[in-house]
Amino acid sequence: MPDGPGLELIMAELNRVRPEAVVDATYDREQAALVVDPDAILEVLAWLRDTPGQEYTFLSSLHAADYLPAEPRFAVHYELLNRDRYERLRVKALLADPASPSSSTTSPLPEIDSCIELFPTADFQEREAYDFFGIVFRGHPDLRRMFMPEDYGGHPQRRDFPIGGEPVIFTRDEVENPGWWQ
Amino acid sequence: MVAVSYEGRTAGEVVAEIEGVAPGITVELEPEQEMMTVNMGPHHPATHGVLRLLVDLEGEVVKDLKPIVGYVHTGIEKSCESMAYWKVIPFVERMDYLSYFFNMQAYCGAVETLTGLEVPRRAQYLRVLHMELNRLHSHLVWLGTTALDIGAMSVYFYCFRDRDRVLDLFEMSTGQRMHTRYFQVGGVAEDIPAGWEAKARELIDVIRKGLSQYEALLDRNEIFLIRTKGIGIVERERLLELGVTGPLLRAAGEPWDLRKEAGYLVYDELDFDVPVGTVGDGYDRYRVRLAEMKESLKIIEQCLDGLPEGPWIADDRKYVLPPRSELSTSMESLIHHFKLVTEGFRVAPGEVYNAIESPRGELGCFVVADGSAKPVRVHFRDPSFVNLQALRDMAIGEYVADLIQTLAMLDPILGGIDR
Numbered sequence: 001m002p003d004g005p006g007l008e009l010i011m012a013e014l015n016r017v018r019p020e021a022v023v024d025a026t027y028d029r030e031q032a033a034l035v036v037d038p039d040a041i042l043e044v045l046a047w048l049r050d051t052p053g054q055e056y057t058f059l060s061s062l063h064a065a066d067y068l069p070a071e072p073r074f075a076v077h078y079e080l081l082n083r084d085r086y087e088r089l090r091v092k093a094l095l096a097d098p099a100s101p102s103s104s105t106t107s108p109l110p111e112i113d114s115c116i117e118l119f120p121t122a123d124f125q126e127r128e129a130y131d132f133f134g135i136v137f138r139g140h141p142d143l144r145r146m147f148m149p150e151d152y153g154g155h156p157q158r159r160d161f162p163i164g165g166e167p168v169i170f171t172r173d174e175v176e177n178p179g180w181w182q
Numbered sequence: 001m002v003a004v005s006y007e008g009r010t011a012g013e014v015v016a017e018i019e020g021v022a023p024g025i026t027v028e029l030e031p032e033q034e035m036m037t038v039n040m041g042p043h044h045p046a047t048h049g050v051l052r053l054l055v056d057l058e059g060e061v062v063k064d065l066k067p068i069v070g071y072v073h074t075g076i077e078k079s080c081e082s083m084a085y086w087k088v089i090p091f092v093e094r095m096d097y098l099s100y101f102f103n104m105q106a107y108c109g110a111v112e113t114l115t116g117l118e119v120p121r122r123a124q125y126l127r128v129l130h131m132e133l134n135r136l137h138s139h140l141v142w143l144g145t146t147a148l149d150i151g152a153m154s155v156y157f158y159c160f161r162d163r164d165r166v167l168d169l170f171e172m173s174t175g176q177r178m179h180t181r182y183f184q185v186g187g188v189a190e191d192i193p194a195g196w197e198a199k200a201r202e203l204i205d206v207i208r209k210g211l212s213q214y215e216a217l218l219d220r221n222e223i224f225l226i227r228t229k230g231i232g233i234v235e236r237e238r239l240l241e242l243g244v245t246g247p248l249l250r251a252a253g254e255p256w257d258l259r260k261e262a263g264y265l266v267y268d269e270l271d272f273d274v275p276v277g278t279v280g281d282g283y284d285r286y287r288v289r290l291a292e293m294k295e296s297l298k299i300i301e302q303c304l305d306g307l308p309e310g311p312w313i314a315d316d317r318k319y320v321l322p323p324r325s326e327l328s329t330s331m332e333s334l335i336h337h338f339k340l341v342t343e344g345f346r347v348a349p350g351e352v353y354n355a356i357e358s359p360r361g362e363l364g365c366f367v368v369a370d371g372s373a374k375p376v377r378v379h380f381r382d383p384s385f386v387n388l389q390a391l392r393d394m395a396i397g398e399y400v401a402d403l404i405q406t407l408a409m410l411d412p413i414l415g416g417i418d419r
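Residue numbers (our numbering), protein chains in the order written: chain B, 1 to 182; chain R, 1 to 419.
Next up, chain R with everything else stripped away, as it sits in the complex (with noise of 0.2 Å):
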């Protein structure tokens, strides 16, 4: 028995010393490791939707990696240019399956800036209410589905028991799960009902004690540590010549938060901070999305303590449809209401570029009106598209199971990227 150790040192320093403690002994060199190209994906539940990486790999190495992606692809932005204007919203709905608010916030308030028309404030607080609860439901499924890839299953179940009850109080205020089209041009689509409030802060707590409960699960885990600490790391100047925005770009240590940089909606009057990282490793990503979330409490909080009384929609008859009470005694209104179903409403040329902060990053809008009634151009900068192109420079020269990690905590939503 040769006791060397081997750590940190090359197989030739190992194999001289051995030979010197014990001469007589051969020992036998793996030939020099040769490169292999393995295909990962499209089909492969680690890969988070149908991603297909081609990756070189020198042994367990990644030496190069190229994102193969379109298997989803479903055009929904030529769709888009054959619907009219308030027919579009369900459409980029299902762009980026998991932020379906942001979509809608981003195609609606690039509308809006098209045709002039004011949000009322109550509106704006409800649209708040409702992106920063998707944001909660967007990170839980991005926590849970994370761990698992990780390798902690409980946290998983945790997370989607969660983020269930954000969908129930979705399913209460709009109708639907997912895919709600609450949000209008002008306004959003119905008021909230009686009980929506007190449900909201119920849930409230739940998550803020299920976040500590996550934390006490994850942040001092070994396994979890050893296998996010100093992974995937790139310097804040690539990333941003990459254009990566959002949790990630954060992480690196860049406060870049549109919420705070633009202000759009009622932001600029909620009072939330935005967390940031050191190094921008896996560990750094999970920190500051967790963060995330205890800010996107602090201002549904902020939301519900401060929800002013009013019209939920702009009273704009040319743009908004007329209260269904009032269709069987106005003429006017029912003329109205026939004119937007049959033909919707007509957005004079222009061109408009809007831009918000959906979970994953700068979601931008950019929309191109000709006068008719329908967009010339509807194209969404969906930020795991452009997130995406990190990806090589995060795995490069790192494991194949710690690229694994890396895209997890890149959160990819494929559905947003092929659009």
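Isolated chain B (complex conformation) (with noise of 0.2 Å):
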């Protein structure tokens, strides 16, 4: 892992390269994370697999989460690794939910550019944000459901998503479940 003072010197590096790229830069437990603009993340991927002295070249995992209460609420973590000097580097977009009434968009699900040009290992792993979390990845060239069936509604991974279970029908209480064949 870059240490403290290393990852500064890339959030330096970085904003440098790209004005206001790189919004915060923590290290945690040995783990360090770049926090960085959504709309700069293909120029920051870029840039940390291409730089001489940086060579992030393996796209370890791609996974999002939900912070929700947090604002903003959806982040997407991509999980890169230097193979020679294994170290890993967590570089981490924030997206914000336009479906909130704070929000100025229009669109119903918050939208992020697709590394998929980048690291094509990231295929299976956007579209799997894509359906647990209803990210759009844009210029993914198969963005469908992985998991769920294609007739699924809502992105199952949320944390306002309810666990809860859909009715079975069975013999014994079809009865208490009239016109369940409609």
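No wet-lab data here; the hints were simulated from the structure.
Every clue listed holds true.
Within a straight-line C-alpha distance of at most 35 Å, the following computed DSBU-like cross-link-like pairs (lysine-lysine) qualify:
| hint | chain 1 | residue 1 | chain 2 | residue 2 |
| --- | --- | --- | --- | --- |
| 1 | R | Lys374 | B | Lys92 |
| 2 | R | Lys78 | R | Lys260 |
| 3 | R | Lys87 | B | Lys92 |
| 4 | R | Lys318 | B | Lys92 |
Assemble the dimeric complex from its two separately framed chains, guided by the hints.
Next up, the structure:
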């Protein structure tokens, strides 16, 4: 992992290349993370991948999280890895929920650029994030649900998605559910 | 009778020659093959679970392929969010059901990083022991089913016989054959019983002998060679782009093993090699996995030799259950026990990604804590899920029969893919 000062350097360098690209840098429990502006995500990832001395060429994992009730609510995490030095760096893009009343945009789902051009491994994982959190990856060639059925409504891993289960009809409780076949 | 060689020539050339040799004979050529889309699976034994492949075929040649997954999606990650930290362990075990010790280690390691708990050395050794036994078990199942896919029935029975002996050991130390819930946050649930070590040493000899038998059965078996040599090759650079890790990547010649690179637990004190292949075809993948099993045996032997005495779980009553014997004598222990069982322990806010080397590659666990007794998010980066993306590259341009072999060599576990 880049240590605290190393992370500050990366942050300063990135902000010189693309002003206001990095919002924050945290170093906690030996885990380095950069919080970046979602609009600059591709530039940041490309810079971290291609700049000599950085070379985070391997995307270990891409996943999303929902920090409800925090604002902005969603985050997409990119777990980058430099394989020569065995250094991990987490890039985190925070996304506001456009459906919240305070939002100004009209799109119903949060959007971020797809990094599939930079890291082809992101294909399935972006689809998973779309499926479970409803985060749209702009430019993804085949953005369909990964696990849930195509006609499924909602994004089940959002924190406000109810856990409860769907009613299952058995022969013994048909009487209690009149018209269940409709 | 016209004797015309057709090997390595187009139909047009053959027809031209037949007409030259024996004029007057007309040969009807098959019309250009049409593209046909075929559904493989989800319910088919050769898909190693409930994997559906939408395959575009031209004749017998695979032209395009789309994996469709989600048939055993059970929402484990979502369920984990409503469980106390220690209750999550049995859930995550059931993701990749052939490498449950690895799932536990990925998760427990993440929570230990979050809480700053130190795992005692004996517990670390016991974890490595069980994980390497688990690797043997997982690879044995892989070898058996893969050989079965290629048509070698007997290997399947031999492998499952040996794998059962590994499970016997798990049953002895943990009480369960599969899904053992043996790793706890801070250590392991219980010490190994008396006599376990002798049994484990016995098992090493049995498996070592067994491995040489499988090698004798398969290494120079002509059918096996024809079916696996030169099939499913993908360039190492492309594999890295696709995020492929584990034996698949090592078979292509990249010595990438997190046990060596990250050196978590006590792996950096153990002596073992990272086997690599040369071209990365099916045969290399088979050889790499077999060599890996031998390395696992080496690690198990070293762990048994160097197993230190001492506690097998951390002595921090805020996170670890007090010993049973104290409950009737110490009020404080009783309170700790009650708090841990009813509410669970609280974890300070933070995020951790913990990656380990599972039998299929990099198994990562991402945990977000918000200060409460339940995780906000538990995500698993499952190696089978990411590796599955490479199947398209491996299979395109090959026969549909080789697709079965390529898929088997990929070793996908659908429980891990769908979670």
